[in-house]
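Chains as they are written, first to last, in the numbering used here: chain S, 27 to 264; chain A, 380 to 758; chain X, -13 to 278.
Calculated from the structure, these hints are not laboratory results. Check each hint, because a few of them may be wrong.
[Said to hold, decoys possible] A few chain S positions that, by computed beta-carbon distances, are all more than 10 angstroms from chain X: (1) GLY39; (2) GLY41; (3) THR55; (4) GLY96; (5) ARG140; (6) ASP144; (7) PRO152; (8) GLY167; (9) LEU192; (10) GLY212; (11) VAL243; (12) ARG252; (13) LEU262; (14) GLY263.
[Stated by the list, open to error] Where chain X lies over chain A, by a calculated footprint (3+ residues, C-beta under 8 angstroms): (15) 467 to 481; (16) 547 to 559; (17) 564 to 570; (18) 659 to 667; (19) 730 to 742.
Computed from a predicted structure; not experimentally measured. Glycine included, C-beta positions come from ideal geometry on N, C-alpha and C.
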Amino acid sequence: MTAILEVDELSSGYGPVPVLRDVTFEVPTGTVTAILGANGAGKTTLLRTLSGLLRPTTGRVRFDGEDLRGVPVERLVRRGLAHVPEGRGVVAELTVEENLRLGGLWRRDRADARRAQDEVYQLFDPLARRRRHAGHQLSGGERQMLALGRALIARPRLLLLDEPSLGLAPRVSGQIMTLLRQLCDGSGLTVLLVEQNVRSALGIADQGVVMSLGRVVMATPAAQLRDDEQLRHAYLGF
Amino acid sequence: MTATRPSEVPTERPPAAPSALRRLLPGAPGSGTVGGSTLLRHLIVAVLAGTAVVLLTNQLPPYQNLQVARVGAFLCVTAGYTVLVGLNGQLSLGHGALMATGAYTVALVQQALADRAVQGRWILPLSLLLAAGVTAAVGLAIGLAAARLRGPYLAGVTLAVATLVPAITTIFTDVFNGEQGLRFPAETPPASLGAYFQPERWLAWVALLAALVTMVLMANLVRSRFGRSLRAVRDDEVAARLAGIPVARTQVLAFVVSAACAGLGGGVYAVLTGTVAPGKFALELSLFLLMAIVIGGLGSLAGAVWGAVLLVALQDLPSLLTETFTLPSGLARRLEGNLALAVFGLTLVVVMLAAPGGLQGAARDLLARLGARRRHPSR
Amino acid sequence: MDRFLFLTLDGVSTGAVYAAFALALVLIWRAARLVNFAQGAMAVATAYVGYAVVSATGSYWLGLGAAVLAGLALGALVERVLMRFVGHANPLGDVIVALGLVLLIQAVLGMVFGNEYRPTAVPFDTDALTVGGIAAMSPYDLWVLGAVVVVVALLALLFTRTSLGLRMRASAFAPEVSRLLGVQVSRMLTVGWALAAAVGALAGMLVVPTGLGLHPHAMDLVFVIAFTAAVVGGLDSPAGAVVGGLLVGLILSYVTGYLGPDTTPLAVLVLLLAVLLVRPGGLFSGPRARHV
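The shape of chain S in the complex, shown without the other chains:
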């Protein structure tokens, strides 16, 4: 199995204080990897560094074998890397339709962008019913669907998701997790997931990467984290 994402000795942070220190792990193609850890472990910082919003101080990120250093954020989505930021990133002032269109604007293949948009509406039918509503009129679950759907319009190969179940009802977040698993199995999408809700994340993940204070303390098959109570207790506190 080849790795679509290789993170090598990555450090970064805001200003002089490093948040990430020498983070190293790999994400195998076509799998779901969950980044786990307490608040302040550096999970969001990791995603922001991977997608180029933060510049790494040292270390390297390779996506599909290519070094991402110096690649501007705007170009990454063209290469097949989509990032759904924390807080869902729906543009509240734009309508559902406009948000989805925005996701495909960079694509040359207009017809396929439109096709992808229709697929999103089929996937999330609440969105189809609210096309003309502004982002701020949507419920939390609808916003998450919109953000996720908008990312899928780019037809990414790697999807970075930051806290997709934050503030959602358990049933809704469960549906979203199931959907991610299906996308992975069905279309070969690779997912890198940051999640506070460890149980539901481990429920769909193939691999778990546990972070603490900016370092990776363990990268192991998710099944092992699910089943080994001692391990769970030591690293995840339950």
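Got chain S; can you put chains A and X on it based on the hints?
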């Protein structure tokens, strides 16, 4: 030759600079001293600086003394202005109009007294005090509105105030005599100084005294509890409010103090020529003043000195050019006035982009670097 | 009554120019969260270019086109060379840099063209037509009104119907998210400045002939009025800017008509203060509070 001197004049004034510099250096020695001795130290520095400049004015020809006087008048304004913009974060563009308020107050008071044939040496201080007082009242009115406005909104409102001067003088033309402006008796040296005492030297002294009083007051204000409140409000209003600082009152008071300084400076400025006219207080004046405090370093009183000096020195730039090089008369006429404007504008842009700390900030960095080298000679 | 009607029509026509100018301010505010205090000086500079082309070629329309193109170029230049590099350490930095630019532009114009008022050619008669014995709008007023209506309509189409407009709106509302979606946000900022300066250039071309003529300071008061109009409409709202412009145009027309032209600056200040103190979000602000 005539125009190279003015820029030398102010550099003769470092006595004031080191103290202000030391005061504004973070964690400088003596920063914990209590109010009384601070006032004393500022007074000593002011007396020393004053003496130095008085000695200097004895050596200068009339025109240069008039320039020293203009520096003094502008220093009153820039000192108060930099406290408002730099330390309190309120960007007023109406300080030219506030200067006009002070200038017209002096003119009206002196004219009224002259019409009644009232004479006496007390007229000058009285009219200047009234100038500061009336302008402070106007500043209170603007400040009350300003306390509810932020950033570009405040700048826009005060910009509207700045465009008001010509309109007001025309609407109330019976009082302000429209575009012609007002004349009042010129200030003369007291007889005790001798019959042949150079009038310009006396004007320089008057302006200097006003500037020193303003500087001492502002220097103490900056160091006081109120000064700390000003900065706290600028940095974070919510935090300041949580710390028990009355934010609105602090902002209004800052505006009033700054306006009083501008009024005093405007009054002195009027006294220098014995005339006031709306043309002198156009929008550009406000922008010049802004340039002066930005180039000196926002919030720095030593920077206010730099700014006042440059304001006077740079305004003479075109005449220096036209005297040095023989230019076609058409070009010379176009450069007149415009060249200084261009230099000011360019300075404002470049300083803001390249050295937001201004000259004083750059000097501070340099000193800090030298100090660091002295402490670590091995490096 | 005739006078009232005349002042109303006059107010609508000058208000249209204020609306266009306020719209230019709103465009930059939305794109960059700053008020471009150099807007007036930039518009005057492009008007000088426009009227220089008019007198060189004899064609008003070529001059108008040149002014708008110069506006596009100047706006992009100012954003790329200056505004992009204003640090955020001082929140007043952008205002101060813009004011420095005002001094610089006006000085350069004075040096190149002189500080005299220059008469400007207009394509239409400026004498009012009389309709039924009542002095109404002049053909020039009608042209001004028509031009502004067309520009506003084009801008509305651009922002709501095109993908460039969608990109620009998204960049303004959510720059980081837009970048993640592949939008080149910094380019959108440049486009926003260029567009705003072009609209400002058009407004400048239209307003200069109605005043004393071309002069480096010809737009000083117009800028303050347009700022007022933008604030009346709420700085965030393009539609508000248009309504605010018309409203301010009408009010000022009545004030100047009944109280004399010298009262204009005073009326502007009173209006500006009244709006900011009573309804800081503008007349059309929604329930969402805005940080003034």
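Evaluation of the provided hints:
Against the 10 angstroms criterion, GLY39 of chain S stays outside the reach of chain X, whose nearest CB is about 18 angstroms from its own CB. The Cβ of GLY41 of chain S lies farther than 10 angstroms from every Cβ of chain X, with a closest approach of about 13 angstroms, so its non-interface assignment holds. With a least beta-carbon separation of about 22 angstroms from chain X, THR55 of chain S lies farther than 10 angstroms from that chain, consistent with its non-interface assignment. Against the 10 angstroms criterion, GLY96 of chain S stays outside the reach of chain X, whose nearest CB is about 15 angstroms from its own CB.
Interface exclusion of ARG140 of chain S from chain X stands, the closest Cβ pair being 12 angstroms apart, more than 10 angstroms. In this structure ASP144 of chain S is separated from chain X by more than 10 angstroms, as the shortest Cβ-Cβ distance comes to about 18 angstroms. The beta carbon of PRO152 of chain S is kept farther than 10 angstroms from every beta carbon of chain X, the shortest such distance being approximately 21 angstroms. Annotated as non-interface, GLY167 of chain S keeps its C-beta farther than 10 angstroms from every C-beta of chain X; the closest such distance is 19 angstroms.
Non-interface call for LEU192 of chain S relative to chain X: holds, since the shortest CB-CB distance, roughly 16 angstroms, exceeds 10 angstroms. The claim that GLY212 of chain S is not at the interface with chain X holds, since no C-beta of that chain comes within 10 angstroms of its own (minimum 23 angstroms). A cut-off of 10 angstroms between C-beta atoms confirms that VAL243 of chain S is not in contact with chain X; the least separation is 28 angstroms. Look at ARG252 of chain S: its CB is around 31 angstroms from the nearest CB on chain X, clear of 10 angstroms, so calling it non-interface holds up.
With a minimum CB-CB distance of about 29 angstroms to chain X, LEU262 of chain S clears the 10 angstroms threshold, and the non-interface call stands. The Cβ of GLY263 of chain S sits about 31 angstroms from the closest Cβ of chain X, beyond the 10 angstroms cut-off, so the non-interface label holds. Figure legend: the segment 467 to 481 of chain A, annotated as covered by chain X; annotation consistent (3 residues with Cβ-Cβ distances under 8 angstroms, at least 3 required). Under a criterion of three residues with beta carbons nearer than 8 angstroms to beta carbons of chain X, the stated coverage of the segment 547 to 559 of chain A is upheld, 3 such residues being counted.
By the rule of at least three residues with a Cβ nearer than 8 angstroms to a Cβ of chain X, the coverage given for the segment 564 to 570 of chain A is violated, with 0 such residues. Counting residues of the segment 659 to 667 of chain A whose beta carbon lies closer than 8 angstroms to any beta carbon of chain X gives 3, which meets the minimum of three for the stated coverage. Restraint check on the segment 730 to 742 of chain A versus chain X: 3 residues with Cβ-Cβ distances below 8 angstroms, three needed, restraint holds.
Checked against the numbered hints listed earlier, the structure breaks hint 17 alone; every other hint is satisfied.
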